[in-house]
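A.B. asks: Sequence order for the protein chains is A and B.
By the count of the working numbering, the first sequence reaches residue 571 at its end, each step adding exactly one.
By the count of the working numbering, the second sequence reaches residue 679 at its end, each step adding exactly one.
Keep in mind that a hint or two might mislead.
Stated by the list, open to error - Result set (DSBU-like, lysine-lysine): computed pairs, CA atoms no more than 35 Å apart in a straight line:
id, chain 1, residue 1, chain 2, residue 2
1, A, K204, B, K399
2, B, K31, A, K227
3, B, K2, B, K31
4, B, K278, B, K235
5, B, K569, A, K133
6, A, K422, B, K121
7, B, K569, A, K422
8, A, K468, A, K227
9, B, K31, B, K235
10, B, K121, A, K495
11, B, K2, A, K204
12, A, K375, A, K133
13, B, K121, A, K468
14, B, K595, B, K278
15, B, K121, B, K399
16, B, K278, A, K204
17, B, K569, A, K375
As the list claims (entries may be wrong) - Which residues of chain B face chain A? A few of them, derived with a C-beta cut under 8 Å, are:
id, residue
18, M1
19, I52
20, F87
21, G96
22, D97
23, A100
24, M103
25, Y104
26, Q109
27, P111
28, R118
29, K121
30, G435
Worth flagging that the hints you see were computed from the coordinates, not collected in a lab.
The structure presented is a predicted model; accordingly, all values stated were derived computationally and were not measured.
Ideal Cβ placement from N, Cα and C applies to all residues, glycine included.
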Amino acid sequence: MMLDGATVEVIRSYLVSAAEEMRRTLIRTAFNPVIYEVLDFGISIFDAELELIADAPGLAFFLGANDYAIRKGVAHAGLETLRPGDILIMNYPYWNSAHAADATLFAPVFAPGADRPFAFTCIRAHWMDLGAKDPGYVLDSTDMHQEGLIFPGTRIYRDGAPVSDIIDIIRFNSRMPGPVLGDMEAQVAATRTGIVRLNAILAKFGADAFGEAVTRIKDHSDALVRKALAELPRGSWEADDLVDDDGVSDDPVPIHVRVTIDDDGMTCDFSGSSPAVRGPINIPIGLTETICKFALKSLTTPMQRNNAGSFRALTVIAPEGNLFHAAYPSATYTQWPAHLALELVYKALAQGMPERVAACSGGDTLGFMMIGRSKATGEMYAVSNNEPVGWGGSATHDGINATNHISGSLVRNTPIEVIEMKTGMRMETFGIRPDSGGAGRTRGGVGTERSIRFVEDGEFLSITKRSKERPWSLLGGARPETNELLVRAGTPEQKRVGTYRLPVRTGDRAVARAAGGAGYGIAFERDPGAVLEDVLDGYVTVAAAEREYKVVIAGSRVDEDGTARLRAPTA
Amino acid sequence: MKRYRVAVDIGGTFVDSILFDAETGRTRLAKASTTPDEPARGVLEALTRLGIDLADTELFVHGTTLGLNAVIQRRGVATGIITNAGFRDIFEIGRGDVPAASMYDFRYQRPPAIVPRRYRKGVVGRIAADGSELEPLDEAGVVAAAGELVAAGLRSIALCFLHSYRNPSHEERAAALIRAAFPSVAVSASSAITREYREYERTATAVVDAYINPIFNDYVGRLESGLVDAGFDGKLLIMRSAGGAMTAQTARKAPIYTVLSGPAGGLIGASYLAREIKRDRVLTLDYGGTSLDAAVIEDGEPLVMHEAPLADLPALIPIFDIRCIGAGGGSIAWVQEGLLQVGPHSAGSQPGPIAYGRGGTEPTTTDAAFILGFLDAANFLGGSVELDVAAARAGMAAKVAGPLGIDPTRAAAGIFDVLVARTAGAIREITVERGRDPRDFSMLAFGGAGPMIAPLIAREVENAELIVPQSPAVFSAWGMLMSDVVTDVARTELRPLDDPAEAPVMAAFDELVAQARAALADQASGSVGERIVRLVECRYAGQEHALEVELSDEQPFDTIRARFHALHKQRYGHAIDTAIQVVTLRVRASAVLPKPALPRAAAATGPVSDAMRGQREAFCFARRERIAFAVYDRAALAAGHAFDGPAIVEEGTATTVIHTDQTVTVDDYGHLIIRRRVA
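Whole structure, please, built from the sequences with the hints as guidance.
C.D. replies: Here is the structure:
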C-alpha cells in the first residue's frame, strides 16, 4: 500500500503525542525533584527494528542516548525471549551511554496475540542513589564498581508482575530505596502509558499502515537533514582542546576531533583524543554519539522532532579505550568533557564554515554546591546551582549574555532567595562581569561574578573542567578569561580552583567567576556605535573600548576623531 | 436596580459586546471592529451598537488584553529598575535558561530588553532571608537613583529588593520617597503586587506592571470619560486574569492583574454553567481566530496558577490555568518533503485565509473548513463577509493536494486529522497530569470555531458528551456578566506543618483575610454577599512542587495534612510518609454580585424538522466521505428536540458540525448536548 502524506503526518502526530503523554505520566508520578524540576530524563519510542520513531526529550544530552542503550539491552536479553508485560532495566554505563545513576527502563510492545513486538518504549531517568562510593555526586572514582549497582538489561517486570528478587537487590543496595523505587514505579507507569497508546495507534491504523508510516517518517527526517547538509561546504577539519583534569590528577586531558562533511553525510572522529583516563571523566560511546547528534541537529534541523532518520547521515568514530569510548572498567561518573566536546565539534566545523557557527561559550557549566546542616532543624541539606556563562559571538550576533551552557540550557538556576533560605550562603553580589566577553566584531556574551559569604559552617564544592584553557575565538576575536573559583577569598589562604571540595567556616568567602563567550572577528572592525551602547550599559568599560576595540568614548558619545586616529593603520 | 448590565470583550479582530436586560431576562449581542490605534473607540462603538440607554445601565464589565499586547509588541513606556546594590543584573540573567524551542540554537538571542542595563540602579540596603534588616536603606541613594532615571526620560520605575516578600519595608519606603520626589512617575513595588519568593520572577512582575501602567491608565481614563459622556454612571469593572473582576479604580493601581482578562471571561462563564447544569468535570475548548485553548474545571472551579508567562517574562500573579494547545484558524498548511505540515506559521487576520480574498495565498485551516463544507460561504458571519471558496480550493490544490497527490477534499480532511491528533494528545496531557481520565469530562466548546472542531475532538478523546452553549462565539463576553468582584492576597510563609506553626499560621491568615476585606471594601457596592476562601500551599519537605488545599477551622493542621496526602496521591500517584512544609498562604475574597439566571429555552412545540432549513454537502469524518448533512437553524431549536448526525447547526456567528456517529439533544437551556450515537 502507499499511504498519502497526510496520513503519515497524522500517524507521526499520534506517536509524538504518545511520547508526550509518557512524559506527563513520568513527571506526574516521579519522586525525585531532579526528574520533574531539572528534567533529568529522556523518553523514546522505537519501532520493531529498534529505530527511534518519536521522543520527548528532557535534558539535551539524553537526546539519542536511548538509541544505543536499547539496542545493547535487547541484544543482551535476547529479542526472542521478550514477552508481553516484560520491563527491563539497564544502567551499565558503556551500553547505557551515561553514568550509572541514570537508569533506563525499556519494554517491548506487542499487539494482542502477536509473538513479536511491533515497538519498544524506553525511559531513562536519574535515580537518587544506587550505592555509589559517595552519596550525591562522585567526583573521583577510578573504576565502575565505585559508581553503584549495575544492571545490563535485566527484567524488573515479567508477564506484567514485578520480579521481587531484583527489586530487593535494588532496595538493599540503595541509600535511598524509597524514592528510588518510587521513581522506578513512575517509569513503569509511563511505560504502561506508552504501551496503551501505541496499541491504540496500531489498532486505529492497522499494522501495514503503521509499518509504512514509520518508514516514511524516518525517511522524511533523513531527507530534511541531507537537504540542510547539502547547503554546507564539503571538507574535513580538525580541532583540539584541553579538559582541566581527570578528577584524580592535575594534568590537563587533550581532546581532539576530525569532522568531515561529504556526500555521505557528517563524520566525527575522536580517535585523536586522549586515551581513557583514571578519573571519572571517560565518555561512553553512546554519549559521544549523542554529542554529535546534538551538533548535527543544531546545524540542520533544530526545530524538527527526532527519529532515527534525523541521524542516518551521521557517523561517529572513537576506538574502544579512547576517552570518548569508555571501556570496562573505566570510571564515567563526571561527564563534564561532554560539554567541551560539543563545542569542539563546532570548533572543527568553524574552519570550514565560520559564518555558520559561533565562537566558544564560557566553555562548560560552572556548578557549585553547599552541604551543611540546617540551624533550625539539624537536617542535612545539599543545595546546588549552575552559573550562567557568556556565549560566543557569531557572524550575525553578539553572543548572549549570562545564560546556561547550551548542553543544559533548559535547566534553571537557583534563586538567591532560595539559596539564602536553605543554606549557610549569603550573596554579597551577583551580576554581570564587565569586559568578560571576548572582544570581536561581534562580542562574546558577558559572564558573571558572584561573591558568597558563608554564614554557617559546612562543606562547599565546585565543578568545572574549563578553568585552565581559555575558550576559543573565531576569525581573530579575543579569547576571554576562563571560569574560576576563589576559595577563602580575600585571605592569605586564597586559592584559585576549578573542580574542588573543601570545608568552609562562618565568615569565609568564595567568589565564582563564570566565563564570558569568545569574540568573533577583529575587534576594531566592530561598529563604534555598538561599542558605545555596550559602554553605556556597562558590558564594556571605557578603558576596554579604547584598548580592545580602538573606540574612544567621550561622555555618552563616540569621539569620532579620536577613534579614527586609533583605528588608522599605523604607518 | 437599573435595567441593564453589559460586558465587552476586545478580540484581535472584533469587539464583542453583550447585554443582559433584567426586565426581559434576555441577552443581546453587538460587534464592532477592533481599533488598535485607540482601543477605547472600538469599545464605545460596540456599546453604542447595543442601542441602549447607558444611563439605565447598572454594571459594565470589561475584558482586555491591552497590557499583554503592550508587552508582546514592546509598546510599553520607558521603564527603569531600582534594586539592591550589587544585584542590578537579576532582571537580565533571569533563571539562565532559554525557551524549549531554542534548545539547539547556539546563536540564541533574547528578545529586546524591556529595561536596558543602563536603566537598572542598585541602592544600598539589605534584608536577610529571615526578614531582618542587615543594612538600612540608603534613602538619599534611592532618591538620587530615581532622579537619574527620571532625568533620562523614564516614566515608570519598578522596585524590587531581595527578600521583600518577607519584609517589604525597604520597598515601601523607597516607593514613598520616589512618589514624593517625582509625583509624575509611576512606581510599581514588587511586594505590593506579590508576596511570593524568587527575586527574578518578582522583579519581572514589577517591571511588567510598571511598563504597562501609564498605558493602561490612559486607556481606562479615555474609556471612563467616554462612558460618562454617554451618560453612564454605573459601576465599571475590569476582569482579572484569575477570575472575578475589580473596579477600574483598583485596576489602575496594578494593571498587571488584568493582562489576560479576556480569556478569563470564558472560564467564568464555563464554571457558572458547570455549576448550574451540574457537571463536576468540564474540559473547555475555546477556538478563536488566534489560538485553540483548553482548560479543566473540577467541582465548578477552574484551576488557578500563581505564575504566568507574559510573552518572555514570568509574572507572579494569579491566573487561570488556560493552555494554548494549538494555533487558530489562520494556521498555514504546507508540504515538506512529501509530508503534510500544519503550522507553525499563521496567516493571522492579515492577509488571512485565501477564502477571505484579502491577499492570502497560503491555504489555512479556515480554508480547509470551507472546502469540507463545514462553513457556509454564502452565509459566513451572517453574510457580512464575501468569500471566495473557489480560490481556497485552487490554493489547496496547488500548495497541498497536488504535492501530496490527493484531491483537495482529502487534503482538507488531512489538515483536520492532524489538528485533531495533536489536540486530542494535548487534552490527554492536561488531564493525565492532574491524575484524571479525559473520558470522564464533559467537553464545553466555545469561540467562533469551537463548535465546528470540538465534535471531532470529542470523538477522538471519547468524552461522554460535548456541550455547545448558547451564542458560543461571544461566550467569553457572556461569562463576564457572571463575574463577582474578587481580590487575592498571598504570602510566602515557609514553615514546617507542625503544632508550633499552627498559631502563627492561623494568625497570618487572619491578617490576610483582613487585608483582603479591606481591599474589597471600597469595591463592594451592590454586592449581595461575601465569600472567603483560604488556601494553604504545601509540599513534602525537600520537594519543590507544591499543592493547594483549603483550610478549615476545625483542627486545621490535621485537615490540611489529610487533604494534602489525598491530593498528592491523586495528582502524583503516591503519598509519602514525610514531613509537610507550608509554603504560601492564600486568601481569595469575593464580593458576590447578583447574576442573571441561566435563561431557560422554550420547550419544543413542534417536531425538530421544523427547525431544518435544508441540506448541505459536507465531509463526514465518521464515514470519511462527502455526504448530505441536514442543516438546522439554532434559533428554531427548542428544549427537548433531538436529532442524529450528519447535521449542521447554524447560528450566524458559529457552526456546529455533527458527524454520522453522533447524536444531539437540546437541553432545557437550549444547549446542544452531543453524544456518541449508539448503533
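A.B. asks: For each hint, tell me whether it holds in the structure or not.
C.D. replies: Going down the list of hints, with the structure as the test:
no.	hint	verdict
1	K204(A) / K399(B)	28 Å, holds
2	K31(B) / K227(A)	49 Å, violated
3	K2(B) / K31(B)	23 Å, holds
4	K278(B) / K235(B)	31 Å, holds
5	K569(B) / K133(A)	33 Å, holds
6	K422(A) / K121(B)	28 Å, holds
7	K569(B) / K422(A)	27 Å, holds
8	K468(A) / K227(A)	39 Å, violated
9	K31(B) / K235(B)	22 Å, holds
10	K121(B) / K495(A)	32 Å, holds
11	K2(B) / K204(A)	57 Å, violated
12	K375(A) / K133(A)	27 Å, holds
13	K121(B) / K468(A)	34 Å, holds
14	K595(B) / K278(B)	17 Å, holds
15	K121(B) / K399(B)	54 Å, violated
16	K278(B) / K204(A)	34 Å, holds
17	K569(B) / K375(A)	31 Å, holds
18	M1	48 Å, violated
19	I52	48 Å, violated
20	F87	6 Å, holds
21	G96	4 Å, holds
22	D97	5 Å, holds
23	A100	6 Å, holds
24	M103	6 Å, holds
25	Y104	4 Å, holds
26	Q109	6 Å, holds
27	P111	11 Å, violated
28	R118	5 Å, holds
29	K121	11 Å, violated
30	G435	7 Å, holds
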